[in-house]
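Student: Single-letter residue listing:
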Amino acid sequence: MYTRKNQRDLTRTEKRRLVDAILKLKRSGRYDEFVVMHREYYVMDTENRPRPAHMTSSFFPWHRRYLLEFERALQAVDPGVSVPYWDWTKDRSTTSSLWAEDFLGGNGRAGDRRVTTGPFAYATGNWSVGRGVTDQNWLTRNFGRPGNNPVSLPTADDVARALKDPVYDTEPWNSISTEGFRNRIEGWGIHRVRTVGNHNRVHQWVGGPMAGAASPEDPVFWLHHSFIDLLWDRWRKAHPKAAYLPGRKPASPGRDRAYVFGLDDPMPPWNVTPRKLLDHSKIYRYA
Amino acid sequence: MPQLTRRRALGATATVVTGLVLTGFARTAGASSEPRTADPKHNAEHKGHAGHAGHEGPQPFSETYRGRRIEGAPSHGDGHHGGYAVQIDGEELHVMQNADSTWVSVINHYETFATPRAVARAAVIELQGSELVPLT
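Chains as they are written, first to last, in numbering that gives the first Met the number 0: chain C, 0 to 286; chain D, 0 to 135.
These aren't lab readings, by the way, just hints derived from the structure by calculation. Every residue, glycine too, gets a C-beta built ideally from N, C-alpha and C. Some hints here could point you the wrong way.
[What the hints assert, rightly or not] A partial selection of chain C residues facing chain D, derived with a Cβ cut-off under 7 Å: (1) 45; (2) 111; (3) 115; (4) 134; (5) 174; (6) 188; (7) 195; (8) 199; (9) 202; (10) 203; (11) 210; (12) 212.
Using the sequences and the accompanying hints, generate a full structural model.
Tutor: Set out below in structure tokens:
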């Protein structure tokens, strides 16, 4: 049993140990395996193949397991570290300690958006990106995407609205589920209904690889998803009688039957069911 | 999973576009990122298909946008009819269509666009001059 802390509460030493563990995973090649896995599980809701990770009910349990795998890899390097969370409803500034020189480094510079501060700046020689997507090997960020089409971070109200929804997920269990906690947090824009929100919006706000399919190229990915995982906890506490849905794969012979993961359907690549991931209280807790 | 090529995934897209959730959503739908996605010419071409569950995807396009060559055309890979392929300077940009008929790409994964051309333009902006690597 260990604790996942709010990133703002980390001590200087905790930050250093976490950064060192991430850099060691990178050096060993293990980190990039996580990047590639996320890219491979980029499956849209119009594709004919299993879709456990995004645009689907199992968005929360799949990412819980994915984070656990990453955290285990970190702990194999340094047993004292865990994945902190970034509460972007509170730490909203581009100069938050999250983005400081001793932690994740800051925004990309004007011009080419290259991150030039902190341990993940390209010039350190310790961090290169681009696996399978572009030939550009330095980490970039573009906070808020200033210009014609800027993005703001979601607010506490946005999150509160999602947490109020008493239903976990609704048909058709994909990116156009207008009701339900899952898609309100995952945050798919739905034509004529709503724009991109919460989880998706944060990816957009950071910019660079975080806006694309290889988003774990930026270590903030893990802190973002740690908070998303915590929000699932908060929703379950707010609605103790509400269940993960769908309980079973849809009964109709529609395509969703093959592509939606019910409570007891093993999810690739680990073949673990959503049910097994509902309760993490024996593994970690949030502080 | 790693064996599954992107080309194949792309080809698979079309099958699902037929019918189902598309009813009620115009194929020319606007997207969450209206300012970057507006494409009146393209939309005009497709007025006739609104609500008609699509056997026909968006039309081909080819243009220079911010100094990059962007092209899109229906593709017919893998025995699936339909599908759509987009290139930037000759390298494939992996694009796919959502249930509300909007599009995303590997570069802009977390937002949706009305058309493949809008996805390509958004990727050009995001790429800042860097090249896509060939898909495997």
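Student: Can you give the numbers of the hints that this structure goes against, from lowest to highest?
Tutor: Hint 3 is the one this structure does not satisfy, whereas the remaining hints hold.
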